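Here the numbering used here is used: the sequence shown runs in plain steps of one and ends on residue 133.
If you are wondering where the hints come from, they were derived from the structure by calculation, not from laboratory data.
All values reported here derive from a predicted model rather than from experimental measurement.
Backbone N, C-alpha and C define an ideal beta-carbon position, used for all residues, glycine too.
Treat the hints with caution; some may be incorrect.
Restraint-style ranges between C-beta atoms, simulated for each label pair [to be verified]:
#1 D75 - V46: 15 to 21 Å
#2 E93 - L62: 17 to 23 Å
#3 E93 - R63: 18 to 24 Å
#4 I109 - S89: 26 to 32 Å
#5 G108 - H84: 17 to 23 Å
#6 H84 - V110: 28 to 34 Å
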Amino acid sequence: MIVIRYATGATQPGVLLALRGGRLRIAAQGSDDILEFCLHHEQWISEACEPVTFDFPLAVFEAIGIVPPAPSSRLKEPEIVPSPAPREPN
44 MIVIRYATGA TQPGVLLALR GGRLRIAAQG SDDILEFCLH HEQWISEACE
94 PVTFDFPLAV FEAIGIVPPA PSSRLKEPEI VPSPAPREPN
């Protein structure tokens, strides 16, 4: 399961069929055609030249036994420690 998110805010669920290099193919709900997306300068682009992003619902990964680590085991944000004030010369 994958969710296609268009720049307009529209979403469309589908099934990921293939991901090879900079090409991604999806069987989208409500479409008789296979949709193809290309990665161009770190942005996925639809066949209609629209920028898109993809969401992978967490339930899909949980169903196959892949779960993210618990919040306590994730990396913590680095702490910012102020540097000491400069010393005045004697």
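With respect to the beta-carbon atoms only, verify the hint that D75 and V46 lie 15 to 21 Å apart.
holds, 19 Å
Could you tell me whether the CB distance from G108 to H84 stays inside 17 to 23 Å?
violated, 35 Å
Taking the beta carbons of H84 and V110, is their distance inside 28 to 34 Å?
holds, 33 Å
So the hint says 18 to 24 Å: do the beta-carbon atoms of E93 and R63 match that?
The hinted range 18 to 24 Å holds for E93 and R63, with Cβ atoms some 21 Å apart.
A range of 17 to 23 Å was offered for this pair. Does it hold for the Cβ distance of E93 and L62?
About 19 Å separates the Cβ atoms of E93 and L62, which means 17 to 23 Å holds.
Confirm or reject the claim that I109 and S89 have a C-beta distance inside 26 to 32 Å.
holds, 28 Å
Hint 5 from the earlier list is the only one contradicted by this structure; the remaining hints agree with it.
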